[in-house]
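Chains as they are written, first to last, in this note's numbering: chain D, 1 to 239; chain E, 1 to 219.
Don't take each hint at face value.
Restraint ranges, calculated between C-beta atoms of paired labels, are given here [claimed, not checked]: (1) V209(D) x P140(E): 30 to 38 angstroms; (2) V183(E) x F26(D): 40 to 48 angstroms; (3) I198(D) x K216(E): 30 to 38 angstroms; (4) G183(D) x L213(E): 35 to 43 angstroms; (5) K103(E) x F138(D): 17 to 25 angstroms; (6) R9(E) x L149(D): 43 to 51 angstroms; (7) R211(E) x F8(D): 50 to 58 angstroms.
Capping the alpha-carbon separation at 20 angstroms, the derived lysine to aspartate or glutamate pairs in DMTMM-like fashion look like this [to be verified]: (8) K46(D) x D44(E); (9) K140(D) x E158(D); (10) K103(E) x D179(D).
Derived from the structure by calculation, the hints contain no laboratory data. Note that beta-carbon positions come from the ideal geometry of N, C-alpha and C, so glycine has one too.
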Amino acid sequence: MFDPNSSFLYAAAGIIVLFVLSQSLFFLYKAWQRAREMGISAGVLKRVVTGSAVFTIAPAIAIILGVITLAKFVGLPLPWLRMSVLGALTYELPAATSTAAILGVSISQGVTDPKVYATIAWVMTLGILSGLIIITLFLKRIQGGIATLKKRDTKWGEIFINAIFMGMISAFLGMIFADVTRGIQGWVPVFVMLISTIVMLVCGFFVKVMKVKWLEDYALPLSMLGAMALAIPITRLSG
Amino acid sequence: MNTLNYSERVHGWGRFWGVSAICMFILYPLSVSIYYGAWPGFSDLFKGLLGVAPIFWTVGAIEAFTFAPMLGSGGSYLGFVTGNLTNLKVPCALNAMEVARVKPGTEEGEVISTIAIAVSSIVTTLIIFFGVILLSQLQPLLESELLAPAFANILPALFGALAVVFISRNWKIALAPLLFMLVLFISMPALASSVSVLVPVGALIALGVARLLYKKGLL
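Use the sequences and the hints to build the structure in full.
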């Protein structure tokens, strides 16, 4: 019988994960080298590395939850691969469940038919490649357009990038309020967001007024983890 | 080595790794089909793709055009291979540029963003790897009812902190898209699942307002 946790599948996934890991190491080495050539101190770069590593821990643990969710249906190697590269649960889960529905298979039990497994793997892979294809083929042109914009008007070039980011952040902040009409439970994400904001402001006070410089690197992960931790009692109280 | 050389070389490396990554990703289902002799029927594959590709190909295209100016070339080539952009790589890169006091869109921003995304990708890969190895021990803890609200609120916890830093500095640009999104999401809560599609809408509003304010000398 087909085993979605076979050593062959682990090996296939492992090779691709190793490939992506080597790409990260390659770009890290090249960017570090270039940063040093440009005169950015090793101290600043080390702060960037530690800050980025600490920030990543909580979202990465949340990604393991996605692996667990998918593993019940398609075994461990495929979710391990998909969540380590390219994918996110918001995509992988609908891809797997909608394909299973088309094939008339229940997702409450593990896949036992290799054809079902292969179809899901193909859909998961092909259904999300657009961003990578566009970046690979057209990034040079996109960046060329941005560079021309900045050359023509440096200040507007900077405002342009800031405006795109404000657009993104507005969409996600708006989403946090989506459930407020549902009553007090719908306000929980809003309270969590406010707590994160307050912790960030407190960190800013310590960094700027009390001169606790080391805190600057960890302000974002600290605010995020603090708000996540307080989400637990807030949810209980709102229930 | 001058700036142009580095930038050109990043595009060369990025294309090489990007094309290789696409081939490697396709290799997984291909090797499954070959090894098990299990080829999906064309109709099943087409229907499966029809269920997800229209929305996710659009989201992918939107993300490419939205995030590339912020992440720079190296960060984009890497981030689009390693994924989890909105919830991880983009905030991580922006925070790193903030800490290093460099701006997105400059060469300093480019290298700092690349380093942040590379480190974030490596740490994510290692955490998921150990998570997979220790799954039986971790699963009860991660799936516990106690921790569920913490993981359910990861995006509000992230964007609350990010917003106070970046909106306070660009509040004139942020106000209009923010109000628009608040009204939109409160009146149509179901849109929450399509938030990625609304990012360019917010960006276009922000760009329009920014252009207007800039022309009037208010920025």
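Structure-based check of each hint:
Taking 30 to 38 angstroms as the suggested C-beta distance range, the pair V209(D) and P140(E) does not conform, at roughly 43 angstroms. A C-beta distance of roughly 45 angstroms is found between V183(E) and F26(D), which places it inside the suggested range of 40 to 48 angstroms. Distance hint check for I198(D) and K216(E): the Cβ-Cβ separation is about 34 angstroms, which falls inside the suggested range of 30 to 38 angstroms. In this structure the supplied range 35 to 43 angstroms holds for G183(D) paired with L213(E), their Cβ-Cβ distance being about 38 angstroms.
The beta-carbon spacing between K103(E) and F138(D), approximately 24 angstroms, falls within the hinted interval of 17 to 25 angstroms. In this structure, R9(E) and L149(D) break the distance hint of 43 to 51 angstroms, their C-beta atoms being roughly 23 angstroms apart. Take R211(E) and F8(D): their Cβ atoms lie about 55 angstroms apart, and the range 50 to 58 angstroms holds. Proximity of K46(D) to D44(E) is assessed by CA-CA distance (about 49 angstroms); at most 20 angstroms being required, the pair is judged violated.
With a C-alpha separation of about 19 angstroms, the suggested pairing of K140(D) with E158(D) holds against the 20 angstroms cut-off. The straight-line distance between the Cα atoms of K103(E) and D179(D) is roughly 35 angstroms, outside the 20 angstroms bound, and the hint therefore fails.
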